[in-house]
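Given chain A, put chain B in place with the hints provided.
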Amino acid sequence: MNKAIITVVGQDTVGIIARVCTYLSNHKVNVLDISQTIIDGYFNMMMIVDYSAADESFGAMAVELESLGEEIGVRVRAQREEIFTAMHRI
Amino acid sequence: MINIQEVHETNEMIEQEKLDVRTITMGISLLDCACDNVDELCDSIYAKITTRARDLVATGEAIEREFGIPIVNKRITVTPISLVGASACKTSEDFVKIAHTLDRAGKEVGVDLLGGYSALVNKAMTPAEELLIRSLPQALAETDIVCSSVNVGSTKTGIDMNAVELLGHIIKDIAHATADNDSYGCVKFVAFCNAPDDNPFMAGGFHGVTEGDAVINVGVSGPGVVSRALDEAIGRDFEFLCETIKRTAFKITRVGQLVAQEASRRLGVPFGIIDLSLAPTPAQGDSVGEVLEKIGLAQVGAPGTTAALAMLNDQVKKGGIMASSYVGGLSGAFIPVSEDKNMIDAAANGCLTIEKLEAMTCVCSVGLDMIAIPGDTTAATISGIIADEAAIGMVNQKTTAVRVIPVEGKSVGDMAEFGGLMGYAPIIPVNQTSCEAFVTRGGRIPAPIHSFKN
Numbered sequence: 001m002n003k004a005i006i007t008v009v010g011q012d013t014v015g016i017i018a019r020v021c022t023y024l025s026n027h028k029v030n031v032l033d034i035s036q037t038i039i040d041g042y043f044n045m046m047m048i049v050d051y052s053a054a055d056e057s058f059g060a061m062a063v064e065l066e067s068l069g070e071e072i073g074v075r076v077r078a079q080r081e082e083i084f085t086a087m088h089r090i
Numbered sequence: 001m002i003n004i005q006e007v008h009e010t011n012e013m014i015e016q017e018k019l020d021v022r023t024i025t026m027g028i029s030l031l032d033c034a035c036d037n038v039d040e041l042c043d044s045i046y047a048k049i050t051t052r053a054r055d056l057v058a059t060g061e062a063i064e065r066e067f068g069i070p071i072v073n074k075r076i077t078v079t080p081i082s083l084v085g086a087s088a089c090k091t092s093e094d095f096v097k098i099a100h101t102l103d104r105a106g107k108e109v110g111v112d113l114l115g116g117y118s119a120l121v122n123k124a125m126t127p128a129e130e131l132l133i134r135s136l137p138q139a140l141a142e143t144d145i146v147c148s149s150v151n152v153g154s155t156k157t158g159i160d161m162n163a164v165e166l167l168g169h170i171i172k173d174i175a176h177a178t179a180d181n182d183s184y185g186c187v188k189f190v191a192f193c194n195a196p197d198d199n200p201f202m203a204g205g206f207h208g209v210t211e212g213d214a215v216i217n218v219g220v221s222g223p224g225v226v227s228r229a230l231d232e233a234i235g236r237d238f239e240f241l242c243e244t245i246k247r248t249a250f251k252i253t254r255v256g257q258l259v260a261q262e263a264s265r266r267l268g269v270p271f272g273i274i275d276l277s278l279a280p281t282p283a284q285g286d287s288v289g290e291v292l293e294k295i296g297l298a299q300v301g302a303p304g305t306t307a308a309l310a311m312l313n314d315q316v317k318k319g320g321i322m323a324s325s326y327v328g329g330l331s332g333a334f335i336p337v338s339e340d341k342n343m344i345d346a347a348a349n350g351c352l353t354i355e356k357l358e359a360m361t362c363v364c365s366v367g368l369d370m371i372a373i374p375g376d377t378t379a380a381t382i383s384g385i386i387a388d389e390a391a392i393g394m395v396n397q398k399t400t401a402v403r404v405i406p407v408e409g410k411s412v413g414d415m416a417e418f419g420g421l422m423g424y425a426p427i428i429p430v431n432q433t434s435c436e437a438f439v440t441r442g443g444r445i446p447a448p449i450h451s452f453k454n
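As they're listed, the protein sequences go chains A and B. Under the UniProt record's numbering, the letters of the first sequence match residues 1 to 90, in that order. Under the UniProt record's numbering, the letters of the second sequence match residues 1 to 454, in that order.
So here's chain A without its partners, still in its complex pose (with noise of 0.2 Å):
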């Protein structure tokens, strides 16, 4: 399995999953859990995917949702989990 962080840090708005889900799920991308809260008055969500049988490189996708980030007008980002677990977990 190969897990990756998605997160999404802005003003609330509708749609703002369906639109990253939709993204996802035409990549085959698979979603394993999703948890949002809102920290400094911003909406943060965070979704764990698993993009083992993505049908593109997972560098090219992170480029590709941050700019659907930008059309939604929030911050999306996907970074690989390696990068949290080297930082959190001995």
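No lab work stands behind these hints, which were simulated from the structure alone. Treat the numbers as computed from the prediction; the structure is a model and nothing was measured. Even for Gly, the Cβ is constructed at its ideal location relative to N, Cα and C. Careful, some of the hints might be misleading.
Said to hold, decoys possible - Distance windows between CB atoms, simulated:
#1 420(B) <-> 64(A): 39 to 47 Å
#2 10(A) <-> 318(B): 33 to 41 Å
#3 13(A) <-> 306(B): 51 to 59 Å
#4 32(A) <-> 40(B): 53 to 61 Å
#5 35(A) <-> 55(B): 32 to 40 Å
#6 32(A) <-> 265(B): 53 to 61 Å
#7 27(A) <-> 304(B): 33 to 41 Å
#8 237(B) <-> 27(A): 46 to 54 Å
#9 412(B) <-> 88(A): 47 to 55 Å
#10 304(B) <-> 26(A): 56 to 64 Å
#11 1(B) <-> 10(A): 19 to 27 Å
Claimed, not checked - One side of the interface only, derived from the structure: several residues of chain B facing chain A at Cβ under 10 Å:
#12 1
#13 5
#14 9
#15 10
#16 12
#17 61
#18 250
#19 259
#20 323
Chain B only, in chain A's frame:
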């Protein structure tokens, strides 16, 4: 499983606190290029660098995209050119040819700097090493990305005062040769004592002769992250302060370790070391000076600065060493004046003097770094500054260095602009009392005794 707070913390470090990997540096041995014809030598050097490092920049960029962590610089270090060119180069111009080759090869693969136009003369200079040193004004003026270093002393050998004396003149000549550009050439040159073989940072990086054919070294940074973490430690005791720094250094270094392993795997080049350094940039909030001020100094340079820096440096190492399988390079807090907003301010208003900076270098990772001094400073005074700094390194068994810029045509109170990460610096006063008779004696300062420590 990773939770949303942890993800938020990491991304906050990257976006707000300027956490980045400062450099992925590929070390490349050029020893197998050595031959006795300078043109053939240049061809083999060009071929080896452009083959070995062909995918370095693209790999760095791919890692940036996938992990979402900026990797600011991709760089190359090579075997000290004084060794590689020893049999082929009969004149300084021959060495300059190699400098041009390095410049072209580095630009071809897209790196921002290439280090190793260097000589290790800690006991004495060979004729080739002296030729390379004498070629520096022309080499550094005519190339863009080539960086140079000369190791003038070590704890085991003492200090080669002939080289120290020569470098005073050479630094003045480099400043003159690049006078149109605030003597920028001097930014690309550093004089060392106890230079490490695996330093990924510039201008002092070179690929030591004890290294393998190629290696990946990574320099991490993150003064902004430490600074932000210290907001929680205001008014708390040293125990809490030190724990906070260690914890932060650990996290920063783990990211460097991840990037280094990933780059090493993708490029098929062994992982060398992580350099645990707090490397500032001139940007607001990315300053080692700010960290020292948060520890409790009204401004960096105040009494207490040396103690605060000693503690900071030690805690960064203690936290970082646990986070990486191999640590090396310079590893510690850098104090490059022109690259650090709070130090620039302190130098400009006289709170931070060159004498205080010298004291700070006794406890930090490098030395007198990126300090702009008056253009009319004499060669002998610059040699004296190098000798003092080398003596600190020699006696204390640590790396020390001097990267001063005698900015031609400028004097105390003027500002020198170096641009980009190199920043800008006020020209600060230097004690101009003569040391000419001392630095021109000739010979070397013997190695110090390693017992009876007091």
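Which constraints among the numbered hints does this structure fail? Numbers only, ascending. 1, 6, 7
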